[in-house]
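Produce the entire structure from the sequences given, and follow the hints as far as they go.
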Amino acid sequence: MLKNGSKGEKNSTDTVLNLQSHTFRHGVHPPENKEETNKLPIRQFPFSPLIILPMQQHIGAPSRIIVKEGQEVVRGQLLAEANGYMSVPVHAPVSGKIRKIAKVPVISGQMTEGIYIETFHFSGQEVIEGAPIAFDKANPEQILKGIQDAGIVGLGGAAFPTHVKLKIPEGKVCDHLIINGIECEPYLTTDHRVMLEQANDIYTGIRYLIKATGAKEVIIGIEGNKQDAADHLSKLIPADLPVRVQVVPVKYPQGAEKMLITSLLGKEVPSGGLPIDVKAVVVNVATTAEIGRLLPHGQGIQERVITITGPGVKKKGNYLIPVGTPLRYVLEQVGAAENISEVYMGGPMMGVAVSNLDISIVKGTSGIVVFGEDNIPKTEKIFPCIKCGACVDACPISLNPSKLGILAKSEGYDTMAEEFHLMDCFECGSCSFVCPSNIPLVQYFRLSKGIIRKRNAEKTAKANV
Amino acid sequence: MFSKTLHISTSPHIRQGMSTDMIMRNVVYAMMPLVIFAVVSFGLNALLVIITAVASSVLTEHALCRWSGKSSTVSDWSAVITGILLGLTLPPIFPLWMTFLGGVVSIAIGKFVFGGLGSNAFNPALVGRAFLQAAFPVAITTWHPSFLEGRFYSISKSVAAFPFSTPVVDGISGATPLSAFKFDKVTADTADLAFGFISGSSGETSAVLIILGGIYLAVRKMMNWRIPVAILTTVFVLSGILYLIDNQTYPSPQFMLFSGGLMLGAVFMATDMVGSPITSRGVVIYGAFIGLIVVVIRIWGGLPEGVMYAILLGNALTPHIDNLIRPRVYGTKKTKS
Numbered sequence: 000m001l002k003n004g005s006k007g008e009k010n011s012t013d014t015v016l017n018l019q020s021h022t023f024r025h026g027v028h029p030p031e032n033k034e035e036t037n038k039l040p041i042r043q044f045p046f047s048p049l050i051i052l053p054m055q056q057h058i059g060a061p062s063r064i065i066v067k068e069g070q071e072v073v074r075g076q077l078l079a080e081a082n083g084y085m086s087v088p089v090h091a092p093v094s095g096k097i098r099k100i101a102k103v104p105v106i107s108g109q110m111t112e113g114i115y116i117e118t119f120h121f122s123g124q125e126v127i128e129g130a131p132i133a134f135d136k137a138n139p140e141q142i143l144k145g146i147q148d149a150g151i152v153g154l155g156g157a158a159f160p161t162h163v164k165l166k167i168p169e170g171k172v173c174d175h176l177i178i179n180g181i182e183c184e185p186y187l188t189t190d191h192r193v194m195l196e197q198a199n200d201i202y203t204g205i206r207y208l209i210k211a212t213g214a215k216e217v218i219i220g221i222e223g224n225k226q227d228a229a230d231h232l233s234k235l236i237p238a239d240l241p242v243r244v245q246v247v248p249v250k251y252p253q254g255a256e257k258m259l260i261t262s263l264l265g266k267e268v269p270s271g272g273l274p275i276d277v278k279a280v281v282v283n284v285a286t287t288a289e290i291g292r293l294l295p296h297g298q299g300i301q302e303r304v305i306t307i308t309g310p311g312v313k314k315k316g317n318y319l320i321p322v323g324t325p326l327r328y329v330l331e332q333v334g335a336a337e338n339i340s341e342v343y344m345g346g347p348m349m350g351v352a353v354s355n356l357d358i359s360i361v362k363g364t365s366g367i368v369v370f371g372e373d374n375i376p377k378t379e380k381i382f383p384c385i386k387c388g389a390c391v392d393a394c395p396i397s398l399n400p401s402k403l404g405i406l407a408k409s410e411g412y413d414t415m416a417e418e419f420h421l422m423d424c425f426e427c428g429s430c431s432f433v434c435p436s437n438i439p440l441v442q443y444f445r446l447s448k449g450i451i452r453k454r455n456a457e458k459t460a461k462a463n464v
Numbered sequence: 000m001f002s003k004t005l006h007i008s009t010s011p012h013i014r015q016g017m018s019t020d021m022i023m024r025n026v027v028y029a030m031m032p033l034v035i036f037a038v039v040s041f042g043l044n045a046l047l048v049i050i051t052a053v054a055s056s057v058l059t060e061h062a063l064c065r066w067s068g069k070s071s072t073v074s075d076w077s078a079v080i081t082g083i084l085l086g087l088t089l090p091p092i093f094p095l096w097m098t099f100l101g102g103v104v105s106i107a108i109g110k111f112v113f114g115g116l117g118s119n120a121f122n123p124a125l126v127g128r129a130f131l132q133a134a135f136p137v138a139i140t141t142w143h144p145s146f147l148e149g150r151f152y153s154i155s156k157s158v159a160a161f162p163f164s165t166p167v168v169d170g171i172s173g174a175t176p177l178s179a180f181k182f183d184k185v186t187a188d189t190a191d192l193a194f195g196f197i198s199g200s201s202g203e204t205s206a207v208l209i210i211l212g213g214i215y216l217a218v219r220k221m222m223n224w225r226i227p228v229a230i231l232t233t234v235f236v237l238s239g240i241l242y243l244i245d246n247q248t249y250p251s252p253q254f255m256l257f258s259g260g261l262m263l264g265a266v267f268m269a270t271d272m273v274g275s276p277i278t279s280r281g282v283v284i285y286g287a288f289i290g291l292i293v294v295v296i297r298i299w300g301g302l303p304e305g306v307m308y309a310i311l312l313g314n315a316l317t318p319h320i321d322n323l324i325r326p327r328v329y330g331t332k333k334t335k336s
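Residue numbers (numbering that gives the first Met the number 0), protein chains in the order written: chain A, 0 to 464; chain B, 0 to 336.
Any given hint could turn out to be false.
[As the list claims (entries may be wrong)] With a cut-off of at most 20 angstroms between alpha-carbon atoms, the simulated DMTMM-like pairs for lysine to aspartate or glutamate come out as follows:
| hint | chain 1 | residue 1 | chain 2 | residue 2 |
| --- | --- | --- | --- | --- |
| 1 | A | Lys-67 | A | Glu-117 |
| 2 | B | Lys-3 | A | Glu-331 |
| 3 | B | Lys-3 | A | Glu-337 |
| 4 | A | Lys-408 | A | Glu-418 |
| 5 | A | Lys-380 | B | Asp-188 |
| 6 | B | Lys-3 | A | Asp-373 |
| 7 | B | Lys-332 | A | Asp-373 |
It should be emphasised that the hints constitute simulated quantities derived from the structure, not laboratory data.
Structure representation (structure tokens):
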């Protein structure tokens, strides 16, 4: 009796704690720099005369091209189909003519298969309709198929095929559907504007997602610096949906799935596991809106919202830009300074530095941040690790980056992985951000993880022989 | 358009803006009031000792870097800190040639042989001081009264002693409050201790200035405040218990806190990031251990002061603390892997 009583008491304190904290351990507070674009409504971007469309815009197999050189295509038309389950199709972002099918440059510096389209100048650029999928009639399998057919991938930046993520594995259940409106990257205001301007699409998307995952409750997680978006979405919650909006304190990297789950549910995703292991599925808010907009019309992704900002840009803003628009064209249109010296795709914490302006906008591009020559910080000197512990206090998953960094230098990869949990690192960069000695810790970890994966793959291959 | 070559880097592309040389520089700033007070209370002698210690540390660092074919690391300011700390822990009339030797040992043996900044197991200044204590036990316990007449324009014969000659001990010398208590059971007034109107090493006498410097660094997040708090709390509690048991034999806890090198050691030496544990829980254990050793040496040991050895032992314990205290990694069950 007494035992039961104390147990009940413990559970209730746990719940209270969870309700009060709404955050995760550690993390950092980079300057937000969102105020220059967060009040600017989404605007349609002009159509570039030339569209360069890589077939590898997502994680997984590249799409398989089904059109021919010289062929005329209509906006929204299927150009390449999914090459297997871990792949998505690509649709025509503009009406125009296929000029050539050849290698195109991508951000990694490599060339991949792609399509060059000459945009028709006088076309109205209407999008063709496909076979609609109704959320009330379709079954989960049909919805997942519809999401794949629409070419939808995680628009937060990861570009992981959404239908794969939404597939609930055998024997697992999804109780909580989490809509990720955190947008913790500095400078970016894409999700913020989508939440303010596309509430109906978001709620339609949520209907599809509930149907596909069987979730019992939906939580829209939003950071405190977007209170207006939270208020707006709260007001519009449809009466028949089990949705609540949860505002959480601003802290990087709260937008990471695992951190957001901890903030909202007070649970930790097991090491090496997936959100579904704690009965949760997390979907980015812009991805949700895209599902809600495309599926009722059977259309595919042709464009996406992108924040273009940074000191090197005159016309900062949130733009709806066709996928495949060359970066050079984008920068010319927004009045980027002639002496720009750094361009990032994505935010400054996890985004990738661009080395070649001839790459194009892809589905995973959430932002473009541009710095001019004057804004470049000097190449900073790297000092030895003085064991100050700043990285230890920053790491959201409580690793010891200082120790890992020293091990990486001495190539102690096995120790890093086995004893210091390197493989749990999701490369948020908080450690490098705080390091007073400017040690590129997260870069060491990226490389080390690559080497460990390669070694493990070789081991498995040997074992199989 | 956009003809310039783009600058590329790996993420994150922004930094918090704190840098190691900035931290080191601020530690120097935080110690400046101590240096000034040392000169005000002990005069020209103390100034010469501190300048010599800094010069010898910086020169040694520069020479060793050059000698090993590396670029000089003098600009990271850590050698300056070592020099100032060494100077502040020496008696104000310590012979200059010995001081110089102490600086050389601090950097060469305390830091360079371990691999330089970040790799040193022990606080370099304390390594140098430990060497001096072993090599010159008389000179390092020859104290000098503070606020003497004429201290600004006279140089003690001891300070200017010729290398390897027998140090000339000046006619006037003064016992430190700790040795006075240890050997004669005389306690000093707490206010005198706190404000520094006492005899002692150049920089250890004004507890108030040391605490102010510590607060400056803690507020700027350039020092882990848990370390001095853990050390001082441990010393206060342990000596408080002993004092309650027998206030004739044991000194009062406030006397323990404000006398000797405890404040200087707790705030500026035990907090050396390189030699202290990396986790918040680890530094509390480290601080408590140092506090315990200080009390043990002062009360039951043969020496009046034990802060130096306590911190060196704490430094030695640090790798083991870091090995034992590991925060639970997100999504895993227990600390131990």
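### Unmet hints by their number, sorted upward, for this structure
Structure breaks hints 5 and 7.
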